[in-house]
Amino acid sequence: MTLLFQLLVNGLIVGALYGVVAMSFVLIYKASRIVNFAQGEFLLIGAWACWWLLTSWQLPFWIGFPITLAFMMAFGVILQVVVLRPMIGEPIISVIMVTIGLSIFFQALMKWMFGVFAKPFPQIFATQTMNVFGLEVQTVYVVSLAISLLIMAGFGWFFKYSRLGLAMRATAFDQQVAQSLGISVRQMFAMSWAISAMVSAVAGVVVGVVNGVSSALSFFGIKVFPAVILGGLDSVIGAVLGGLIVGLLENFAHYVDSQWLNWGNMYEIAPFYVLIIILMFKPYGLFGTKDIERV
Amino acid sequence: MANISLIPCGDFKTTYGRDTTIFPTVTSRNFAILGILILLVCPAFMDRYWLNLCIQIGYLGIAALGLNILVGFTGQISIGHAAFFGFGAFSSAWLSNSFGIPVALAIPLAGVMTTAVGMIFGLPAARLKGLYLAIATLAAQYILQDFFGRADWFTGGVAGTIAEPFSLFGFAFDTDERFFYVVLVYMVVMYILATNLMRSRDGRALVAVRDHYLSAEIMGINLTKYRTMSFGISAFYAGIGGALYAHYLQFVSVEGFTILFSIQFLGMIIIGGLGSIMGSLMGTAFMVLLPEVMQALTNSLAGTAIDTALNLKEAIAFLREMAIGLVIILFLVFEPDGLAHRWKQIKAYWKLYPFSH
Numbered sequence: 026m027t028l029l030f031q032l033l034v035n036g037l038i039v040g041a042l043y044g045v046v047a048m049s050f051v052l053i054y055k056a057s058r059i060v061n062f063a064q065g066e067f068l069l070i071g072a073w074a075c076w077w078l079l080t081s082w083q084l085p086f087w088i089g090f091p092i093t094l095a096f097m098m099a100f101g102v103i104l105q106v107v108v109l110r111p112m113i114g115e116p117i118i119s120v121i122m123v124t125i126g127l128s129i130f131f132q133a134l135m136k137w138m139f140g141v142f143a144k145p146f147p148q149i150f151a152t153q154t155m156n157v158f159g160l161e162v163q164t165v166y167v168v169s170l171a172i173s174l175l176i177m178a179g180f181g182w183f184f185k186y187s188r189l190g191l192a193m194r195a196t197a198f199d200q201q202v203a204q205s206l207g208i209s210v211r212q213m214f215a216m217s218w219a220i221s222a223m224v225s226a227v228a229g230v231v232v233g234v235v236n237g238v239s240s241a242l243s244f245f246g247i248k249v250f251p252a253v254i255l256g257g258l259d260s261v262i263g264a265v266l267g268g269l270i271v272g273l274l275e276n277f278a279h280y281v282d283s284q285w286l287n288w289g290n291m292y293e294i295a296p297f298y299v300l301i302i303i304l305m306f307k308p309y310g311l312f313g314t315k316d317i318e319r320v
Numbered sequence: 005m006a007n008i009s010l011i012p013c014g015d016f017k018t019t020y021g022r023d024t025t026i027f028p029t030v031t032s033r034n035f036a037i038l039g040i041l042i043l044l045v046c047p048a049f050m051d052r053y054w055l056n057l058c059i060q061i062g063y064l065g066i067a068a069l070g071l072n073i074l075v076g077f078t079g080q081i082s083i084g085h086a087a088f089f090g091f092g093a094f095s096s097a098w099l100s101n102s103f104g105i106p107v108a109l110a111i112p113l114a115g116v117m118t119t120a121v122g123m124i125f126g127l128p129a130a131r132l133k134g135l136y137l138a139i140a141t142l143a144a145q146y147i148l149q150d151f152f153g154r155a156d157w158f159t160g161g162v163a164g165t166i167a168e169p170f171s172l173f174g175f176a177f178d179t180d181e182r183f184f185y186v187v188l189v190y191m192v193v194m195y196i197l198a199t200n201l202m203r204s205r206d207g208r209a210l211v212a213v214r215d216h217y218l219s220a221e222i223m224g225i226n227l228t229k230y231r232t233m234s235f236g237i238s239a240f241y242a243g244i245g246g247a248l249y250a251h252y253l254q255f256v257s258v259e260g261f262t263i264l265f266s267i268q269f270l271g272m273i274i275i276g277g278l279g280s281i282m283g284s285l286m287g288t289a290f291m292v293l294l295p296e297v298m299q300a301l302t303n304s305l306a307g308t309a310i311d312t313a314l315n316l317k318e319a320i321a322f323l324r325e326m327a328i329g330l331v332i333i334l335f336l337v338f339e340p341d342g343l344a345h346r347w348k349q350i351k352a353y354w355k356l357y358p359f360s361h
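Sequence lines, in order, name chains V and C.
With the numbering used here as the guide, the letters of the first sequence map in order to residues 26 to 320.
With the numbering used here as the guide, the letters of the second sequence map in order to residues 5 to 361.
No wet-lab data here; the hints were simulated from the structure.
One should not assume that every hint holds.
As the list claims (entries may be wrong) - Heads up, simulated DSBU-like pairs for lysine-lysine below, C-alpha to C-alpha not over 30 Å straight-line:
1. V:LYS307 / V:LYS185
2. C:LYS133 / V:LYS307
3. V:LYS315 / C:LYS133
4. V:LYS55 / V:LYS315
5. V:LYS55 / V:LYS185
6. C:LYS351 / C:LYS17
7. V:LYS315 / C:LYS229
8. C:LYS17 / C:LYS355
9. V:LYS55 / V:LYS307
10. C:LYS348 / C:LYS17
11. C:LYS229 / V:LYS307
12. V:LYS55 / C:LYS133
13. C:LYS133 / C:LYS229
14. V:LYS185 / V:LYS315
Only a predicted model underlies this, so the values are computations on that prediction, with no experimental measurement involved.
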């Protein structure tokens with residue numbers, strides 16, 4: 026029973042991270058209708074950049090981390106302007122393929138630059154574990170949960186109250202109307218990529234601190250799909266919920282598997298089965314906008 | 005205008021038959037026959053290295069054509085093609101190992117088995133479009149890959165499985181020179197089949213589904229049927245390609261059919277040209293030759309300053325992957341219609357030469 030509880034807590038924490046990544050994925054999709062298959066590489070690049078600053082330059086975390094974020098912001102903007110802006114108006118398959126191409130390109134580049142083995146982060150927190158409700162939980166986990174919640178709250182505030190967030194929502198709703206109201210749609214596109222890259226990098230650093238940095242991080246980008254589909258591609262709340270569900274689900278599947286089934290590998294594969302089943306019954310996910318088409 | 009031997013400057017077609025003909029002129033047909041004849045005598049002159057590359061282009065080209073029917077002609081997205089390719093490889097090996105079915109028969113049967121699996125995963129396609137479909141096929145990729153690792157009875161588990169060499173009437177095609185002909189026959193047959201499919205009612209329906217599915221439905225085209233059918237056909241081609249791969253290498257391991265391989269298939273058809281049958285082959289050739297060219301470049305740079313600075317020898321695996329990604333991006337940005345389009349332009353240039361207006 027303790028194992029189950031431990032796994033569920035794990036699921037909640039990992040799920041919150043999935044939620045954060047899924048949210049930044051949905052952000053890009055909502056703003057520019059681009060499905061970003063390179064989301065996992067954002068995590069990877071962010072984590073490696075931070076790791077590099079912390080180990081090679083011996084910067085303290087509180088300096089290295091903001092530099093990483095600034096770098097990722099620039100990276101997102103450059104990526105959007107150089108690669109994805111020419112793709113506006115192209116068919117979906119082309120846009121998807123461009124992001125897939127980016128994903129394998131950067132994954133290989135990172136492997137080339139930093140090697141294939143996981144490298145641990147230097148120690149950031151003074152205490153390794155904390156006692157929460159009688160459970161021994163790693164400090165990083167608690168902090169990561171806090172950061173996830175903070176980001177989510179930040180997103181909520183940003184889209185509800187800030188001028189920029191409202192402009193982005195307007196762009197997502199209708200690009201032409203937004204443009205006629207004086208919103209620069211191009212800027213909004215670039216902005217959405219910048220924010221998405223930044224937020225993903227935060228998640229990447231958090232996971233990197235827990236598990237060490239390796240190319241396995243980019244698998245987060247794949248795990249995001251079940252989460253996003255569960256929630257519906259264009260729903261931010263759905264993305265968060267989807268992330269939590271996937272996080273809990275895979276840990277629960279792992280528990281069931283280890284206790285009774287012994288099939289192995291359920292942790293990785295269970296979300297995909299659920300994904301297929303959900304798509305069979307609800308083709309637009311649980312919270313996605315239904316496209317109603319009449320012939 | 006009968007029996008023109010070169011493409012005339014202008015379009016003088018008066019019947020539908022002429023419009024849908026495979027070879028517009030006698031010359032083009034003769035060239036195609038000549039090309040096949042040249043390929044027939046090729047093994048006598050090529051060394052093992054080139055034969056191996058040609059055979060790879062052959063079986064990958066078949067699978068890529070299947071994907072092009074699905075993506076290029078029907079407009080459905082699939083990111084799980086390598087899994088179907090792998091399924092074909094395993095089922096052909098399984099059929100011939102477990103039931104003693106001769107390999108020559110096991111290959112088409114493997115195609116049929118893969119079709120069945122493809123249609124199961126194609127079922128969501130009946131209701132899904134675009135992005136949701138892409139993600140559903142991504143799930144198919146992971147589920148099948150997981151299945152390969154799990155199903156010991158079918159794939160031999162982590163140890164992999166051995167496949168018998170192809171043989172016909174007691175004559176074993178177990179060397180590269182001999183297997184070349186097997187692949188060549190399969191390739192020619194599959195490409196002619198696909199060309200004819202696209203000239204038929206069903207093929208036109210597929211293109212209609214791609215171009216505007218609502219209009220297609222209004223015109224009485226059953227979307228569910230054609231979408232599922234397209235998945236089935238694509239899986240069939242993947243299965244045949246995979247089966248040929250299995251009996252060529254005579255060993256199938258569970259590790260090969262990853263998502264990167266699926267992406268390579270997509271890369272092939274994008275480089276070759278979406279919705280172009282010969283383009284699939286051109287793209288496959290490009291994708292197969294790309295690593296070889298890179299290897300040659302690395303070898304020629306060996307010992308120079310660039311080599312020592314970048315440590316090319318160890319990095320070649322990563323450089324290959326990067327090249328695949330980069331080539332896909334560059335083609336999409338600068339040549340979205342692929343090599344087939346470029347080839348058409350070259351032909352058009354010579355058609356009108358020297359007066360290009």
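How the hints compare with the structure:
1. V:LYS307 / V:LYS185: Given that 30 Å is the threshold and the Cα spacing comes to 28 Å, the pair holds.
2. C:LYS133 / V:LYS307: 13 Å, holds
3. V:LYS315 / C:LYS133: 12 Å, holds
4. V:LYS55 / V:LYS315: 14 Å, holds
5. V:LYS55 / V:LYS185: At roughly 15 Å apart (the allowed maximum being 30 Å), V:LYS185 and V:LYS55 satisfy the hint.
6. C:LYS351 / C:LYS17: 19 Å, holds
7. V:LYS315 / C:LYS229: Roughly 23 Å separates the two Cα atoms, so the pair holds.
8. C:LYS17 / C:LYS355: Distance ~17 Å between C:LYS17 and C:LYS355 Cα, so the pair holds.
9. V:LYS55 / V:LYS307: 20 Å, holds
10. C:LYS348 / C:LYS17: Holds - the C-alpha atoms of C:LYS17 and C:LYS348 are around 19 Å apart, at most 30 Å.
11. C:LYS229 / V:LYS307: Satisfied, since the Cα-Cα distance of roughly 20 Å is no more than 30 Å.
12. V:LYS55 / C:LYS133: OK: V:LYS55 and C:LYS133 at ~17 Å, within 30 Å.
13. C:LYS133 / C:LYS229: Holds. C:LYS133 to C:LYS229 sits at ~14 Å (cutoff 30 Å).
14. V:LYS185 / V:LYS315: 23 Å, holds
In this structure, none of the earlier numbered hints is contradicted; all agree with it.
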